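Quick note: the sequence shown uses my numbering, first residue 100, plus one each step.
Simulated from the structure, these hints should not be mistaken for laboratory data.
Fair warning: this is a prediction, and the values are worked out from it, not measured in the lab.
Take the hints with a grain of salt, since some may be wrong.
Think about it this way: if two alpha-carbon atoms lie no more than 20 Å apart in a straight line, the pair counts; the simulated SDA-like pairs of lysine to any residue are [to be verified]: (1) Lys360 x Ala318; (2) Lys520 x Val450; (3) Lys360 x Leu412; (4) Lys360 x Asp440; (5) Lys360 x Pro451; (6) Lys360 x Gly416; (7) Lys220 x Ser530; (8) Lys520 x Ser530; (9) Lys360 x Gly259; (10) Lys220 x Gln439; (11) Lys360 x Ala404; (12) Lys360 x Ala384; (13) Lys520 x Arg457; (14) Lys520 x Pro451; (15) Lys220 x Pro490; (16) Lys360 x Gln436; (17) Lys360 x Arg393; (18) Lys360 x Leu275; (19) Lys360 x Asn427; (20) Lys360 x Glu311.
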Amino acid sequence: MPSTTTELPLLSRNGAPPPPARIVHLGLGAFHRSHQAWFTAHAGDAGEWGIASFTGRRPDAALALAPQDGLFTLVERSAGGDSFEVVGSIAEAVDGADTARLNELLAAPATAVVTLTVTEKVYDDDSPDAPLGRLVRGLAARRDAGAGPIAVVSCDNLAGNGEVARAAVVRLSEALEPALGEWVRENVSFVGTSVDRITPRTTADDVAEVAERCGYRDASPVVAEPFASWILQGDFPAGRPAWEDAGAQFVTDLEPFENRKLWLLNGAHTLLAYAGQLRGHATVAEALGDQACRAAMEEFWDEAARHLTEPGLDIPGYRQALLERFANPRIAHYLAQIAQDGSLKLRLRAVPTLRAERADGRSGIAAARMVAAWIDWVADSVAQGAEIQDPQGDSVREAGSLSGRERVEALLRLVDADLAKDTAVVDLVDSETAYFGK
Numbered sequence: 100m101p102s103t104t105t106e107l108p109l110l111s112r113n114g115a116p117p118p119p120a121r122i123v124h125l126g127l128g129a130f131h132r133s134h135q136a137w138f139t140a141h142a143g144d145a146g147e148w149g150i151a152s153f154t155g156r157r158p159d160a161a162l163a164l165a166p167q168d169g170l171f172t173l174v175e176r177s178a179g180g181d182s183f184e185v186v187g188s189i190a191e192a193v194d195g196a197d198t199a200r201l202n203e204l205l206a207a208p209a210t211a212v213v214t215l216t217v218t219e220k221v222y223d224d225d226s227p228d229a230p231l232g233r234l235v236r237g238l239a240a241r242r243d244a245g246a247g248p249i250a251v252v253s254c255d256n257l258a259g260n261g262e263v264a265r266a267a268v269v270r271l272s273e274a275l276e277p278a279l280g281e282w283v284r285e286n287v288s289f290v291g292t293s294v295d296r297i298t299p300r301t302t303a304d305d306v307a308e309v310a311e312r313c314g315y316r317d318a319s320p321v322v323a324e325p326f327a328s329w330i331l332q333g334d335f336p337a338g339r340p341a342w343e344d345a346g347a348q349f350v351t352d353l354e355p356f357e358n359r360k361l362w363l364l365n366g367a368h369t370l371l372a373y374a375g376q377l378r379g380h381a382t383v384a385e386a387l388g389d390q391a392c393r394a395a396m397e398e399f400w401d402e403a404a405r406h407l408t409e410p411g412l413d414i415p416g417y418r419q420a421l422l423e424r425f426a427n428p429r430i431a432h433y434l435a436q437i438a439q440d441g442s443l444k445l446r447l448r449a450v451p452t453l454r455a456e457r458a459d460g461r462s463g464i465a466a467a468r469m470v471a472a473w474i475d476w477v478a479d480s481v482a483q484g485a486e487i488q489d490p491q492g493d494s495v496r497e498a499g500s501l502s503g504r505e506r507v508e509a510l511l512r513l514v515d516a517d518l519a520k521d522t523a524v525v526d527l528v529d530s531e532t533a534y535f536g537k
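Kindly generate the complete structure, drawing on both the sequences and the hints.
Rendered as structure tokens:
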């Protein structure tokens, strides 16, 4: 092997053509590559389905992947060691600002699917330069070209993400041109999904490991756990890859599966993100090893599970699998990363269980404790002058600078204004502050 990384060859296709770009993806990032790109690469007809992946507001991911012909290394990390796979389904890695290329692809009859990993807050962003604004202009180009119907597939952690995407795209389409909104209603299918694969942030050590173990340079490898799940509901009027070959499931009722994932996996992550950091931990695995954090997580799972009763969900088995996944000692899933956008995530992950428990005559104390942990974490972050990334960042910081019950009520209002009007709920959340030692 060459003596330095710079002497190694750059990962490339060596002149071989990529698969034809028939899927457009918005939100080129690590999770997209470990999930949708991986499933597409493992479809039986992968050679017929390439992805043109567009970045969001920054071009960095495209700048790293384009010189590698869209190729990247997936490092599958388990307790037993690492395995390495070159994933070749990304045919193009494109700066999201290149709307001319996006319009060209969406106007092509061969393009059949648009997938999205744009994060929850983007669905409320009406800016023309936001990902959904760009998508709407691309759909207008498709209509004008007479290119036919297409499927839009949301892969974000939102309950009813397909319907959320539909509402946002139709709203933006009508704002651009009323007739476009009608065309979207008649020609665009919105597919709902539940997606799952823990994908921690890639580090410099990961880049170095790929160079050492694989003998080539990859500026942008992706690390992921062995587990991957994709559950979909909806129609694909222009066709799709055979994702079921890679283990994807197609169902007629997605809601029970997405609730299982949002509440048990994402809810546990959110709780551990705040409780774990309050107790001095940096990763999910560290927080899980803390009995106070684990007990709080298990109690929240007990509450949520009472409202996950549909056949086929196998809640006990799912919970056990989550414990094993969270405890993977070689996946450094950082709590600070998970803690971002807390006011929005709690609305989706804690509030449904809290409301359901109280509607059934129980307190919902474990869900309330998750909200209280966030409140303590916000207060701690404000006191330390630490950055808080949240779609309501200024309001969160302002409320976090208050004290006592006033702070609890102000921050709860940012999560759910109706709950903040319920004195009993405010009292309950207030009673759980300082539970994790702050």
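Evaluated hints:
1. With a C-alpha separation of about 32 Å, the suggested pair Lys360 and Ala318 falls outside the 20 Å cut-off, and the hint is violated.
2. Note on Lys520 and Val450: the hinted pairing holds, with a Cα-Cα distance of about 14 Å set against a maximum of 20 Å.
3. For the hint linking Lys360 to Leu412, the alpha-carbon distance of about 10 Å falls within 20 Å, and the restraint holds.
4. Annotation: proposed proximity of Lys360 to Asp440 holds, straight-line Cα distance about 18 Å (limit 20 Å).
5. For a cut-off of 20 Å, the pair hint linking Lys360 to Pro451 stands: about 13 Å separates their Cα positions.
6. A hinted pair counts as satisfied when its Cα atoms are at most 20 Å apart, and Lys360 with Gly416 qualifies at roughly 13 Å.
7. In summary, the hint linking Lys220 to Ser530 is not supported, as the alpha carbons are separated by about 30 Å, beyond the 20 Å threshold.
8. For the hint linking Lys520 to Ser530, the alpha-carbon distance of about 16 Å falls within 20 Å, and the restraint holds.
9. Simply put, Lys360 and Gly259 have alpha-carbon atoms about 12 Å apart, close enough for the 20 Å limit, and the pair holds.
10. At most 20 Å may separate the alpha-carbon atoms for a hinted pair to count; Lys220 and Gln439 meet this at roughly 11 Å.
11. At roughly 11 Å between alpha-carbon atoms, Lys360 and Ala404 fall within 20 Å of each other, so this suggested pair holds.
12. Among the hinted pairs, Lys360 with Ala384 is consistent with the structure: their alpha-carbon atoms are about 18 Å apart, no more than 20 Å.
13. Under the criterion of a C-alpha separation no larger than 20 Å, the hint pairing Lys520 with Arg457 is consistent with the structure, at around 15 Å.
14. A threshold of 20 Å between alpha carbons decides the hint, and for Lys520 with Pro451 the separation of about 16 Å falls inside it, so the pair holds.
15. With a CA separation close to 7 Å, the supplied pair Lys220 and Pro490 stays within the 20 Å bound.
16. Restraint check: the Cα-Cα separation between Lys360 and Gln436 comes to about 19 Å, which is no more than 20 Å; the hinted pair holds.
17. Pair hint Lys360 plus Arg393 holds up; C-alpha atoms about 18 Å apart against a cutoff of 20 Å.
18. Of the pairs offered as hints, the one joining Lys360 and Leu275 is violated, with about 35 Å between alpha carbons and a cut-off of 20 Å exceeded.
19. A distance of roughly 18 Å separates the Cα atoms of Lys360 and Asn427; the hinted pair therefore holds under the 20 Å criterion.
20. A C-alpha spacing of about 36 Å is found between Lys360 and Glu311, which places the hinted pair above 20 Å, so the restraint is violated.
Going down the numbered hints, you'll see the structure goes against 1, 7, 18, 20, while the others check out.
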